[in-house]
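Taken in sequence, the protein lines are chains A, B and C. The opening position of the first sequence corresponds to residue 81 in our numbering, with each subsequent residue numbered one higher. The opening position of the second sequence corresponds to residue 739 in our numbering, with each subsequent residue numbered one higher. The opening position of the third sequence corresponds to residue 41 in our numbering, with each subsequent residue numbered one higher.
Just so you know, nobody snuck in bad clues.
DSS-like, lysine-lysine: derived pairs with alpha carbons at most 30 Å apart: (1) B/K745 x C/K140; (2) A/K328 x A/K278; (3) C/K231 x A/K232; (4) A/K111 x A/K167; (5) C/K52 x B/K932; (6) B/K835 x C/K52; (7) B/K909 x C/K46; (8) A/K119 x A/K328; (9) B/K919 x C/K52; (10) A/K205 x B/K745; (11) C/K46 x B/K919; (12) B/K932 x C/K46; (13) C/K231 x B/K745; (14) A/K119 x A/K216; (15) A/K278 x A/K183; (16) B/K837 x B/K932; (17) C/K52 x B/K924; (18) B/K837 x C/K52; (19) C/K231 x A/K205; (20) A/K183 x A/K284; (21) C/K231 x B/K837; (22) A/K91 x A/K278; (23) B/K909 x C/K52; (24) C/K46 x B/K924; (25) B/K835 x B/K919; (26) A/K284 x A/K216; (27) C/K231 x A/K183.
Source of the hints: derived by calculation from the structure; they are not laboratory data. Please read all numbers here as calculations on a predicted model, not as lab measurements.
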Amino acid sequence: MATIVNIPHEKALEVKDFQFTYNGAAEPSLKEISMPIAKNSITALIGPSGCGKTTLLRSFNRMHDLYPGNRYEGLIEFKGRNILEPKEDLIQLRTCIGMIFQKPTAFPMSIYDNVAYGLRLQGIKNRSELNDRVEKALQDAAIWKEVSSRLKHDANGLSGGQQQRLCIARAIAVEPEVLLFDEPTSALDPISTQGIEKLVIELKEKVSIIIVTHNMQQAARVSDYTGFMYLGELVELGITEELFVTPKERLTEEYITGKFG
Amino acid sequence: MSNIIDKVFEHSTRIIAFSVLLIVAWIFTVLFQNSLDSMQAFGFDFITDTKWAPNLEKFGALPAIMGSVISTFLAMVLAVPVAIGVAIFLSEIAPEKLKSPIGVSIELLAAIPSVIYGMWGLFYFVPIIRDIFGGLGIGMLTAGIVLAIMILPFMAAVTRDAMDTTPDILKESAYALGGTKWDVIKDIIIPYAKAGIIGSMILALGRAIGETMAVTFVMGNVHKISLDITAPATSIPVTLANEFTEADTELYFSSLFELSFILLLISFTIISIAKFYFLRKTRRA
Amino acid sequence: MTAIEKRMLTNKIVMILSTLSAFIGIAFLLWILSILIINGVSAINWEIFAFEGAPPGYEESGLKHALIGQLIIISTATAIGVPLGILGGTYLSEYGQQSKLANIIRDISDIMMSAPSIVIGSFVYAVVVIPMGHFSGWAGVIALTIIMIPIILRTTDDMLQLVPSTLREAAFALGAPKYKVIINIVYRGAKVGILTGILLGIARVAGETAPLLFTSFNDNFLSTDLNEPMASLTVTMYNYATSPYEDWQSIGWAAAFILSMFILGLNIIGRLLIMTRKGK
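Generate coordinates for the entire structure from the input sequences, incorporating the hints supplied.
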């Protein structure tokens, strides 16, 4: 049973007895996970390769549904309902819970069109409304100054760090309540990484954030709460400073001090 | 709303993709159905009789079938060594700067329509054969040579592709042991790319046997099997090209359809063999 | 001779033979190209484009009918074949993926790409020409479409598969329905590759003669009616070149030259497109 600290915050999501089995697998990859995700905070998921942190992250927006045969069991509560139910409207869900990927995924279109894409999907056609929301998103993603003069240029002309911030702008343009970050800086250089980390901290005022990272220092720098996972189970969830300084579980301590990778 | 569009889109693409299979099945069926008259009239003798006499309503396909086999065999005998030579040249001998232009030129040549090879054969090669061997200059030999030249670019290109799949480090290991270029080709590249090379040859064979225009100009369409390879002859595609518009009776048409059906079966079989036994790794057909 | 010397000698011999065969091959092909250019260029004059076909010996004889006929047949086949091929390829890459059905469709399409085109002509003869009672441009169009679809289908399938899956996931993550992901993102990402496939498909089909021989047949006069027999450059070339008349033969070479330039042009543009894409 995991050691979970009490979260004084309001909760954005609540995971209860969640189990996940990949298509054709004999064993579940995620076993009986229960954890709260605090609202307007940053929760980091850390753990060794293969512990299931990305699998858990991708369950929140039901990305696994893209590939047939995967099985969810248990509950993930969001806004008063269980989003694991088959009848859940995935398209709606994904406008409330957005995702940023490991490698920047700029669409093959202009910078403007990239950011406007989610808005257009929702049916927003009014030119001036689009303009306003695109500009706001790019500002919130701290990239407006760099691209305001070349909004019509192809997004692929941007550097890696800029593209990742573009993807963030694209995701926040639709004003989601939760943002999922899947190792967002693993493909970036240290300076771009710093910029993204700063941005993520700023964003938590508006959005609840879950970030998967294999970099413990990043988790320590950025997050309010940290969850340590091992072999498909949640071992411990705690306030970040407390978890890193005085972890309650021995496994957590061994991982943090580098006894295993 | 999007759900409906999603379903419609998905099903449309599925139906269209599936209809490729339907069309192929339909082709086999139609050809078979139209061959029935001829099959019932001649039975197995269709393949063994040598007499093709439309005005007597007697149709023996052996000259056409043998013509296809012999002309293709001839073409392969001539083209294979040259194609391998060109492939070796492109893959291992040519300096880096030349590899691309020559390689591209060969691929562009493969794109030239076969009817042009036929025209060249008729106007420029036939007189040469006539000078050397006498006679009309039109016949099995000429057809075999023109066919060889026509499939040469394709064969060379796919053989070179097969050879290029050999990983560099494998070749480098052989060179590092003091191997010559030929050693590397003989002991590393050819064994490694063997399946691809043989498969490419067989694929070219499958294409050659169905080739019409390159040979129609220079074969003569004479339904006779002759020991003299410079004599005019015929092949299945040549017969079809020349006689489809001349056929006037049901039985004549049915015999032509039976020829077409036989050709389809032969080439389908050859190409399938190439594809499934040899070209599992690559997918270029 | 030591073993090493023997190996080096064998090597030299093989290298010489290979280079020789390369030159032989290239020599023949240069020969063909040069007579094509020489005969073709000398036969091209304004009359080729101004006049329709005429009996041999007539002054006012040209290729207008054949050029226009070829254009009509090819563009109609393209208009039908390309959308069908793209949609079929979309199924393979985006829905069927590696399923048994999808792989069977891929294999059959590959085989069709090397199958004899005259057989397809005979099939269309049976299902279109006989019921219609006469040759027609439509029959030729259908024959060429059947040849074209597998080509476009396979290149589309390949090109779409090259689009990274994270791009699709990012679009799904924004709440896009699948058809929008495909149309907005995947098609756009594979745009250049698909276009190249189309150009090469057109080039391949434009050079076909055999499937037209007894479907669209031929016509010496200018006609734009697809319900009737229609002239094509390839069949005209065949008829004129095999005729005993010099003026017809000359026009045949002009046709050969025009056709080759068109096809080579498409191929070269296709290659340039691939190169610019790789350079990005």
